[in-house]
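Student: Given the coordinates of chain B, assemble chain U onto it according to the supplied hints.
Number of protein chains: 2
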Amino acid sequence: MLVVGIDPGLSRCGYGVVRQKGRVTEAVAAGVIRTDKDDPVPQRLHELHTEMVELLNDYQPDAVAIEQVLFQVNVRTAMGVGQASGVAMAAGAGAGAEVFEYSPTQIKKAITGWGGADKEQMSQMVQTLLRLPEPLKPVDAADAVAVALCHLAHAPAASRIQAAV
Amino acid sequence: MLVVGIDPGLSRCGYGVVRQKGRVTEAVAAGVIRTDKDDPVPQRLHELHTEMVELLNDYQPDAVAIEQVLFQVNVRTAMGVGQASGVAMAAGAGAGAEVFEYSPTQIKKAITGWGGADKEQMSQMVQTLLRLPEPLKPVDAADAVAVALCHLAHAPAASRIQAAV
Numbered sequence: 119m120l121v122v123g124i125d126p127g128l129s130r131c132g133y134g135v136v137r138q139k140g141r142v143t144e145a146v147a148a149g150v151i152r153t154d155k156d157d158p159v160p161q162r163l164h165e166l167h168t169e170m171v172e173l174l175n176d177y178q179p180d181a182v183a184i185e186q187v188l189f190q191v192n193v194r195t196a197m198g199v200g201q202a203s204g205v206a207m208a209a210g211a212g213a214g215a216e217v218f219e220y221s222p223t224q225i226k227k228a229i230t231g232w233g234g235a236d237k238e239q240m241s242q243m244v245q246t247l248l249r250l251p252e253p254l255k256p257v258d259a260a261d262a263v264a265v266a267l268c269h270l271a272h273a274p275a276a277s278r279i280q281a282a283v
Numbered sequence: 119m120l121v122v123g124i125d126p127g128l129s130r131c132g133y134g135v136v137r138q139k140g141r142v143t144e145a146v147a148a149g150v151i152r153t154d155k156d157d158p159v160p161q162r163l164h165e166l167h168t169e170m171v172e173l174l175n176d177y178q179p180d181a182v183a184i185e186q187v188l189f190q191v192n193v194r195t196a197m198g199v200g201q202a203s204g205v206a207m208a209a210g211a212g213a214g215a216e217v218f219e220y221s222p223t224q225i226k227k228a229i230t231g232w233g234g235a236d237k238e239q240m241s242q243m244v245q246t247l248l249r250l251p252e253p254l255k256p257v258d259a260a261d262a263v264a265v266a267l268c269h270l271a272h273a274p275a276a277s278r279i280q281a282a283v
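So the protein lines, in turn, are chains B and U.
For what it's worth, our numbering labels the leading residue of the first sequence as 119, then goes sequentially.
For what it's worth, our numbering labels the leading residue of the second sequence as 119, then goes sequentially.
In short, the hints are calculated from the structure, not lab data.
Any given hint might turn out to be false.
Which bits of chain U does chain B cover? Going by a derived footprint, with three or more residues having C-beta under 8 Å, they are [said to hold, decoys possible]:
{"id": "1", "region": "153-162"}
{"id": "2", "region": "166-178"}
{"id": "3", "region": "195-207"}
Here are the simulated distance ranges between beta carbons [unchecked claim]:
{"id": "4", "chain 1": "B", "residue 1": "154", "chain 2": "U", "residue 2": "176", "range": "29 to 39 Å"}
{"id": "5", "chain 1": "B", "residue 1": "140", "chain 2": "U", "residue 2": "146", "range": "50 to 60 Å"}
{"id": "6", "chain 1": "B", "residue 1": "257", "chain 2": "U", "residue 2": "251", "range": "33 to 43 Å"}
{"id": "7", "chain 1": "B", "residue 1": "129", "chain 2": "U", "residue 2": "256", "range": "28 to 38 Å"}
{"id": "8", "chain 1": "B", "residue 1": "188", "chain 2": "U", "residue 2": "272", "range": "45 to 55 Å"}
{"id": "9", "chain 1": "U", "residue 1": "142", "chain 2": "B", "residue 2": "156", "range": "35 to 45 Å"}
{"id": "10", "chain 1": "U", "residue 1": "251", "chain 2": "B", "residue 2": "149", "range": "55 to 65 Å"}
Pulled a few chain U residues facing chain B out of the computed Cβ check, cut under 8 Å [claimed, not checked]:
{"id": "11", "residue": "147"}
{"id": "12", "residue": "187"}
{"id": "13", "residue": "210"}
{"id": "14", "residue": "212"}
{"id": "15", "residue": "217"}
Small disclaimer: the values here were computed from a predicted structure and weren't measured.
In this text, a Cβ means the ideal position worked out from N, Cα and C, and glycines have one as well.
In isolation and in its complexed conformation, chain B is listed as follows (with noise of 0.2 Å):
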């Protein structure tokens, strides 16, 4: 089973690719889409869902698995988010992979065990989890692989044992 993890952002779009084959769990790729801060929003948008639809493609996912947004302080940040997670979302779909949610909450609980682990204890994790020499860098693919790896914990096992075949 190969999931892309993504970590919804207009300046910067983390995305993990993940592919879990039996017992093993392996990163495939992990990066950044960034996008200009100096180009009005719906070039930038346009530009995130060009490139996802790239990224999708090249990569052929069965799932797609998208941190969801919540509302923070800085409600015109949020707004951002949502939108960038609502051109990802239509691009998932549109790749024909089946697109899952999770919240911030539930990724930690999936990597750490504990809803309340910090950056710290996540990168560690990740790291652990994938057998990586070293941390995972930049945060935002890190941040994105860990989705991908919590998307994997919720998949239904017989869908695991499926993809394993």
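Tutor: Quick look at chain U alone, frame taken from chain B:
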């Protein structure tokens, strides 16, 4: 100058196509793109994006004007509307049109002269401005036409003159 106005929404996304040539402003088309509430949100956003791309491809507007999403009492609805507006913006930029956002107050003020106008006043002024025999229905389509008319009122005189040549 051809403008597509958009009243963004996930269940109902209104659109209104308005042409201004010289002193004549006319409604070319108006309607609502609907998505099924029972379908998953990513699928609905993908459908909205696809239909919006087709609409813009059909009309090739010079500008796309979108009503800005403000945070209402219902945070879950605001997020859906925000995601829909993000998808519409991406489609607009992808179609090569300039994309503009106007607040509900700006739109009301441009159409009726007063930022606190109610739905009845707005509907009546849209009918008057476009010399329609009866009020435009459904309301989402009329709202979208109002956004397009707001853009024409804000567009610099120079570009209106240029478009009229």
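Student: Look at each hint and say if it fits the structure.
Tutor: These are the hints, each one checked on the structure:
1. 153-162: Contact hint for the region 153-162 of chain U vs chain B: holds, 4 residues under 8 Å.
2. 166-178: holds (count 3)
3. 195-207: holds (count 8)
4. B/154 / U/176: 29 to 39 Å: holds (30 Å)
5. B/140 / U/146: 50 to 60 Å: holds (58 Å)
6. B/257 / U/251: 33 to 43 Å: violated (59 Å)
7. B/129 / U/256: 28 to 38 Å: With a Cβ separation near 37 Å, residue 129 of chain B and residue 256 of chain U satisfy 28 to 38 Å, so the hint holds.
8. B/188 / U/272: 45 to 55 Å: With Cβ atoms ~34 Å apart, the hint is violated.
9. U/142 / B/156: 35 to 45 Å: holds (37 Å)
10. U/251 / B/149: 55 to 65 Å: holds (56 Å)
11. 147: With a closest approach of 21 Å, the residue 147 of chain U hint is violated.
12. 187: holds (7 Å)
13. 210: holds (5 Å)
14. 212: holds (5 Å)
15. 217: holds (4 Å)
Comparing the model with each numbered hint stated earlier shows that hints 6, 8, 11 do not hold.
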